[in-house]
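Chains A and B supply the protein sequences, listed in that same order. Using this note's numbering, the letters of the first sequence map in sequence onto residues 1 to 275. Using this note's numbering, the letters of the second sequence map in sequence onto residues 1001 to 1309.
The reader is advised that the hints may include incorrect statements.
[Claimed, not checked] Only pairs whose alpha carbons sit at most 30 Å apart, straight line, appear in this in silico BS3-like list of lysine-lysine:
(1) K1205(B) - K1189(B)
(2) K13(A) - K140(A)
(3) K1231(B) - K1241(B)
(4) K140(A) - K92(A)
(5) K1189(B) - K92(A)
(6) K1178(B) - K1205(B)
(7) K57(A) - K13(A)
(8) K1189(B) - K1146(B)
(9) K1231(B) - K1146(B)
(10) K7(A) - K226(A)
(11) K137(A) - K231(A)
(12) K170(A) - K140(A)
(13) K1276(B) - K1189(B)
(14) K1097(B) - K57(A)
(15) K141(A) - K1209(B)
(16) K60(A) - K141(A)
(17) K1178(B) - K140(A)
(18) K1209(B) - K1306(B)
(19) K137(A) - K92(A)
(20) K1189(B) - K1097(B)
(21) K1033(B) - K137(A)
(22) K271(A) - K16(A)
(23) K60(A) - K1097(B)
(24) K140(A) - K1276(B)
(25) K271(A) - K253(A)
(26) K90(A) - K1276(B)
(27) K1181(B) - K170(A)
(28) K201(A) - K13(A)
(29) K1097(B) - K137(A)
(30) K13(A) - K226(A)
(31) K1181(B) - K1226(B)
(32) K1097(B) - K170(A)
(33) K97(A) - K1097(B)
(34) K170(A) - K201(A)
(35) K141(A) - K170(A)
(36) K1276(B) - K1241(B)
[To be verified] Sample of chain B residues lacking proximity to chain A, with all beta carbon distances greater than 10 Å (derived):
(37) D1087
(38) R1128
(39) S1257
(40) K1306
Source of the hints: derived by calculation from the structure; they are not laboratory data. Built from N, CA and C at the ideal position, the CB exists for glycine as well.
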Amino acid sequence: MSISDEKVAELEKIAKKLRYDIVMMIGAGKPGHLGGSCSIAEIIAVLYFHKMRHDPKNPKWPDRDRLLLSKGHAALTQYAALAECGYFPKEKLSTLKELGTILQGHPEMLRVPGIEANTGSLGQGLSISCGIALAGKVDKKDYHVYCVVGDGEIAEGQIWEASMAAAYYKLDNLTAILDKNEVQATGPIVERYDTNPHPEKWKAFGWHVIEIDGHDMSQVVGALDKAGEVKGKPVMIVANTVKGKGVPFAEGKADFHHGIMTEEQYQTARKLFED
Amino acid sequence: MAMQNCRMVYGETLVELGRQNERIVALDADLSKSTMTRLFEHEFPERFFEMGIGEQNMISTAVGLALSGKIAFANSFAVFAAGRPYDQIRVSVCIGKVNVKIIGSSCGISDFGDGATHQGIEDIAIMRAIPNMTVLIPADGIETRKIVRAAVEYEGPVYIRINRNEMPDVVPEDHEFKIGKPYVIRQGKDITVFAHGYMVFKALKAAEKLEKEGISLRVVNVSTMKPIDEKAIEELASGVKGIVTVEEHSIVGGLASVVAFILRGRAIPIEAIAIKDCFGQSALDYEQLLEHYGLTETAIIKSVRKILK
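In isolation and in its complexed conformation, chain A is listed as follows (with noise of 0.2 Å):
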């Protein structure tokens, strides 16, 4: 299924307005998982605004697509996404972190209408997309489970062991997104603590992988319908992005995992992002 050039702007749009809004969340002089963010901007305005069945005024509908963000650190993206799709009122975005929000530093479920289990503590939310996958085969539901990982956060060992869950359960209904935007918190990841090859590894785990540019819309919402049709197995996205991307000063810069714009980066940033 090919996708027209006006859904394709559409979504860009999207994704800017996201961007948008998670530069506007984070704001001047206080510290912000901006690049991490950033780098999933496109794949999280496919999957809410062209390629998840979900309901924003049933957030607990039984037969909803999930999308779960097991590097939770980049919860801005989502949170910009959830309010843009109508499940909590966009003036919340504003209240990011303040005591009492509903907008944790990392998502939590029983506070945030969308968010579908706690993570942020990495290498946990693919495991639990595995036991909402096995639940929809278990009831036989037709929906289907995406989860997104960092190229970092797969040196958890726990990720090693989803995928292999994954695989003997012959996980069809699940889609990771492997977020390889190459920088962890300390640095490059080549040159911190290297977790290439991705691709041989998960085809070598028993996954269908499919490689994209994380960036290009086409290429995103190609790569999740052909997810779709994949029979007997999970299927990792391996998709190619830029930490901080669309934000120069902050492109591919680890200082940018969690760091802090200064006004004037900000108010550059903002005006990149405006209507």
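Knowing the structure of chain A, use the given hints to seat chain B on it.
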């Protein structure tokens, strides 16, 4: 007294409840022959998930199943169930109050042959420290049945600690188990003995012997270690000359800690019988190992005499 094996009773009870409630699912990490979830696997193969030797993934997978409406029982030995996936239990189970039941089998030093690696002596302390967790410890087969049933009826995280060996029945069949309620197994007026698990039986044996000398022990089963009913503990500690706590667990963070904290500021002597902040070891016999670590009726009697001296 009839003898029952709690893990066998657990396995049978899970099958029985599984017949009544199809939301119940079970996961195990290659120990189903010991935890006895193989009974559930035989009866409900489509609701049993072998997770390989990977406890962290098992717990988080149980979370996913529970988030999809299942009542997920995740099983392993107490050391591996509570220790290896600590952060998974903390983050993915407890922060979200997810309906996962964690079974810590072969608890304490009840896996006497396997040595320190397999003997869970700090699991209660670890599980109690996590907000939103409920910690239950059956004293015998009868209470195991009641506790597993209660865990199914309760919506939220539960940790259940199960002994490996044959244990005599001590709990009255008609006692109505309620999460959070410590209760008297044997009435007495001189000393209150707080115990859980197999140590309840040891306390009863001590009480029988001391009765012949005219000393009467009030034996209390603290089968819920969290939430703790502080008022009930205070009441059960009233009107006696002293308190003895007995637990097949480290002295750090278990029953001794809880009771001493609740009774702080009271002028009442407290003696604690527990594993003294050291690891276990192999032995060829359970009772021999219990004796080595001082978890005996003799030790209870000695503590009582010390208080009454």
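Comparing the hints with the structure gives:
no.	hint	in the structure
1	K1205(B) - K1189(B)	holds (16 Å)
2	K13(A) - K140(A)	violated (36 Å)
3	K1231(B) - K1241(B)	holds (18 Å)
4	K140(A) - K92(A)	violated (37 Å)
5	K1189(B) - K92(A)	violated (59 Å)
6	K1178(B) - K1205(B)	holds (25 Å)
7	K57(A) - K13(A)	holds (23 Å)
8	K1189(B) - K1146(B)	holds (28 Å)
9	K1231(B) - K1146(B)	holds (23 Å)
10	K7(A) - K226(A)	holds (18 Å)
11	K137(A) - K231(A)	holds (13 Å)
12	K170(A) - K140(A)	holds (14 Å)
13	K1276(B) - K1189(B)	holds (28 Å)
14	K1097(B) - K57(A)	holds (23 Å)
15	K141(A) - K1209(B)	violated (61 Å)
16	K60(A) - K141(A)	holds (14 Å)
17	K1178(B) - K140(A)	violated (36 Å)
18	K1209(B) - K1306(B)	holds (16 Å)
19	K137(A) - K92(A)	violated (36 Å)
20	K1189(B) - K1097(B)	violated (40 Å)
21	K1033(B) - K137(A)	holds (26 Å)
22	K271(A) - K16(A)	holds (11 Å)
23	K60(A) - K1097(B)	holds (16 Å)
24	K140(A) - K1276(B)	violated (51 Å)
25	K271(A) - K253(A)	holds (20 Å)
26	K90(A) - K1276(B)	violated (55 Å)
27	K1181(B) - K170(A)	violated (44 Å)
28	K201(A) - K13(A)	violated (34 Å)
29	K1097(B) - K137(A)	holds (24 Å)
30	K13(A) - K226(A)	holds (24 Å)
31	K1181(B) - K1226(B)	holds (10 Å)
32	K1097(B) - K170(A)	holds (29 Å)
33	K97(A) - K1097(B)	holds (21 Å)
34	K170(A) - K201(A)	holds (17 Å)
35	K141(A) - K170(A)	holds (15 Å)
36	K1276(B) - K1241(B)	holds (24 Å)
37	D1087	violated (6 Å)
38	R1128	holds (20 Å)
39	S1257	holds (27 Å)
40	K1306	holds (46 Å)
Of the numbered hints listed earlier, those contradicted by the structure are 2, 4, 5, 15, 17, 19, 20, 24, 26, 27, 28, 37.
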